[in-house]
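Residue numbers (this note's numbering), protein chains in the order written: chain A, 1169 to 1469; chain B, 242 to 510.
If you are wondering where the hints come from, they were derived from the structure by calculation, not from laboratory data.
Since the model is a prediction, treat every value here as computed from it, not as a measurement.
Among these hints, one or two may not hold up.
Claimed, not checked - Pairs of lysine-lysine, DSSO-like flavour, derived with a Cα cap of 27 Å:
1. Lys1264/A <-> Lys1199/A
2. Lys254/B <-> Lys1253/A
3. Lys506/B <-> Lys1305/A
4. Lys1245/A <-> Lys1271/A
5. Lys1245/A <-> Lys506/B
6. Lys1264/A <-> Lys1253/A
7. Lys254/B <-> Lys1245/A
8. Lys1187/A <-> Lys506/B
9. Lys1253/A <-> Lys1200/A
10. Lys254/B <-> Lys1187/A
11. Lys1376/A <-> Lys506/B
12. Lys1429/A <-> Lys1364/A
13. Lys1271/A <-> Lys254/B
14. Lys420/B <-> Lys1271/A
15. Lys1253/A <-> Lys1271/A
16. Lys1376/A <-> Lys1408/A
17. Lys506/B <-> Lys1253/A
18. Lys1408/A <-> Lys1200/A
19. Lys1187/A <-> Lys1200/A
Claimed, not checked - Anything over 12 Å on all C-beta distances counts as not near chain B; from chain A, calculated:
20. Met1220
21. Ile1250
22. Glu1252
23. Cys1270
24. Leu1302
25. Ser1312
26. Val1409
27. Lys1420
28. His1443
29. Met1462
The beta carbon of each residue, even a glycine, is placed where N, CA and C say it ideally should be.
One letter stands for each residue in the lines below.
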Amino acid sequence: MSSPESVLSIHSLHKNYGKICAVDSLSLEIKKGSVFGLLGPNGSGKSTTLGMVMDVVVPSSGSFTWFGETPNHQQRKRIGAILEKPNFYPKFSATKNLQLACKIKEVGEERIAQVLEQVGLSARAGYSFHTFSLGMKQRLAIASALLAQPEVLILDEPTNGLDPQGIAEIRQLIIDIAQSGKTIILASHLLDEVQKVCTEIAVLRQGKLIYTGKVNEGFGDEVMLEIASDDITALIQVMKVHPTYLSHRLHKGHIEVKCAKGAKSSELSKYLASHNIFPSHMAEHKKNLEQQFMEILSQNA
Amino acid sequence: MRRLLSIEFFKLKNSRYFWILSGLFIVLLMSIPYTARVIVNKVSQQAEIIDALGGLTLPFFDFVDVWQNLTFIFKFFSIFLGFITVISVSSEYSYGMMKQNVIDGLSRAEFLWSKVLMITALSLVMTIVALLICLYMGYTYSPVTDWTFVTAHIEFIPAYFLHLVAFQLFCLVVTLVIKRSGITIAALFFYVLMIEPMIASYMSYQGLALLAEFLPVNAISNIIRFPFYKYAMRETQTTIGMMDLGILMGYIGLLTYVAHRILTKRDLA
């Protein structure tokens, strides 16, 4: 059974569209207070999964619990969610749209001014939704999701289609919300976004869960080093015998070496110097999520 | 229940089509007595059968007759009221609001009940308008205004209410299936005015007239039968048939069940 700390617990959830399997026996556990990234390329089943836990999509089999209880519509009032795109009545003003959401969520209308303030839309409260820019629509959707002061916020591709400024604004908003202690579930195909915002991730590919873990731990602990030297051949020979050496790749004018956990560039430069090799360039970089992500995807292909 | 009704009324009262269509509907209902008056006068002057009776005016708006006569004609306009349901449901689809309402915390069943409650409330309001028109016409033209006489056959008013509810439920189900307002409206016109009459006449031709009574639009409509044969001295059903009522109630149940099933079993894309 799921612990009281569990916000969302998914048990072998399955969704078929005809012969296509969109979500394949997915199991996940999302804990209170985490900022959970659901990562995967387009069509990997992220939105379908979120649709199922929000009762918009009917699962083919499997089950899930919210807050340790069987799902019902009352719980959804404690969840703020934006799936795919902001949905509002185009001819209603921002305020009218939020009034309707208040009626559904059974929240007092005094929250409207507060959430509009929070997302910076107070000045546009009386304007029709269809006059809004995409960034404003997205912010209004976030405002609506925040109306009931939800414990959980679900965001599906929240920066999709926005310009750089809009992206920055929405990300800052998400980070602010995360810092207020809410649990956030963020689906995205933008790894960079997940890396900036999330504490935990799950990677989906063709409806299957292929990785789950903490963002900081990374998917492996190898150290990547970029080393250049006048004599590349000698450099490779010497590197190959180093105890932390795992593999290397030859690039134009430099090599990229993959070393085991614990390898340090300071220690390595001493080691190379002791073999009479003086690197003209040496840079250590943590593998970024994008590389790790691509690796995971190709490993599971 | 009040919450669901208030949610649905909030959606409607802020939509222009709702005021236009319900206004148009009331205007149409009110125009009937006037138009009918003109026609009845013409018929009264010209019809041979009336001459044979010594040039009497048809007792079209007289009490007892007025209930069935007017509600029967009112039925022809039900499709305009149905359009409110069609547009309200199809716009929920096109704006992704059915999905959004559910995400926001409305259950799928509650969504359906909000629509059904509004259909019932709207039908009730229009039935009251119909009742007032009938009373006005009756009191204006009827030679006898004795209360027991006035209320005889007033059952056509609740029958009209059931007809409106059933017809809008029919529109609701068709919209849930087709989803798009334009196509739904075209399909409804086509079905109500052409397809079903053709099927019905084919059935009658094949000696299956009884079966034709079970076709949806017939079933929804038959609760108030054609009243005007009586002026040509032919046999006319001037009450509500128990079988007609049974079929209509059956349809109300069936349509609600089908709508509920569609809404609870299907993905809200």
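A quick look at each hint next to the structure:
1. Lys1264/A <-> Lys1199/A: violated (34 Å)
2. Lys254/B <-> Lys1253/A: holds (25 Å)
3. Lys506/B <-> Lys1305/A: It is violated: about 30 Å lies between the C-alpha atoms, which goes past 27 Å.
4. Lys1245/A <-> Lys1271/A: holds (11 Å)
5. Lys1245/A <-> Lys506/B: The given pair, whose Cα atoms are some 21 Å apart, holds under the 27 Å limit.
6. Lys1264/A <-> Lys1253/A: holds (19 Å)
7. Lys254/B <-> Lys1245/A: Holds - the C-alpha atoms of Lys1245/A and Lys254/B are around 24 Å apart, at most 27 Å.
8. Lys1187/A <-> Lys506/B: holds (19 Å)
9. Lys1253/A <-> Lys1200/A: holds (25 Å)
10. Lys254/B <-> Lys1187/A: Between Lys254/B and Lys1187/A the Cα gap is close to 44 Å, so the pair fails against 27 Å, i.e. violated.
11. Lys1376/A <-> Lys506/B: Holds, at roughly 24 Å.
12. Lys1429/A <-> Lys1364/A: holds (23 Å)
13. Lys1271/A <-> Lys254/B: Judged against 27 Å, a Cα distance of about 15 Å means the pair holds.
14. Lys420/B <-> Lys1271/A: Given that 27 Å is the threshold and the Cα spacing comes to 25 Å, the pair holds.
15. Lys1253/A <-> Lys1271/A: Holds, because 21 Å separates the two Cα atoms, which is no more than 27 Å.
16. Lys1376/A <-> Lys1408/A: Not satisfied, since the Cα-Cα distance of roughly 37 Å exceeds 27 Å.
17. Lys506/B <-> Lys1253/A: holds (23 Å)
18. Lys1408/A <-> Lys1200/A: Roughly 45 Å separates the two Cα atoms, so the pair is violated.
19. Lys1187/A <-> Lys1200/A: At roughly 35 Å apart (the allowed maximum being 27 Å), Lys1200/A and Lys1187/A break the hint.
20. Met1220: Since the minimum Cβ distance to chain B is about 9 Å, Met1220/A lies within 12 Å and the statement is violated.
21. Ile1250: Non-interface label fails for Ile1250/A: nearest chain B Cβ at 8 Å, not farther than 12 Å.
22. Glu1252: violated (8 Å)
23. Cys1270: Violated: least Cβ distance 10 Å, not greater than 12 Å.
24. Leu1302: Holds: least Cβ distance 15 Å, greater than 12 Å.
25. Ser1312: violated (8 Å)
26. Val1409: holds (59 Å)
27. Lys1420: The claim stands: Lys1420/A keeps its Cβ more than 12 Å from every Cβ of chain B (closest is about 50 Å).
28. His1443: Non-interface label on His1443/A holds, nearest chain B Cβ at 63 Å vs cutoff 12 Å.
29. Met1462: holds (31 Å)
In summary, the numbered hints that this structure violates are 1, 3, 10, 16, 18, 19, 20, 21, 22, 23 and 25.
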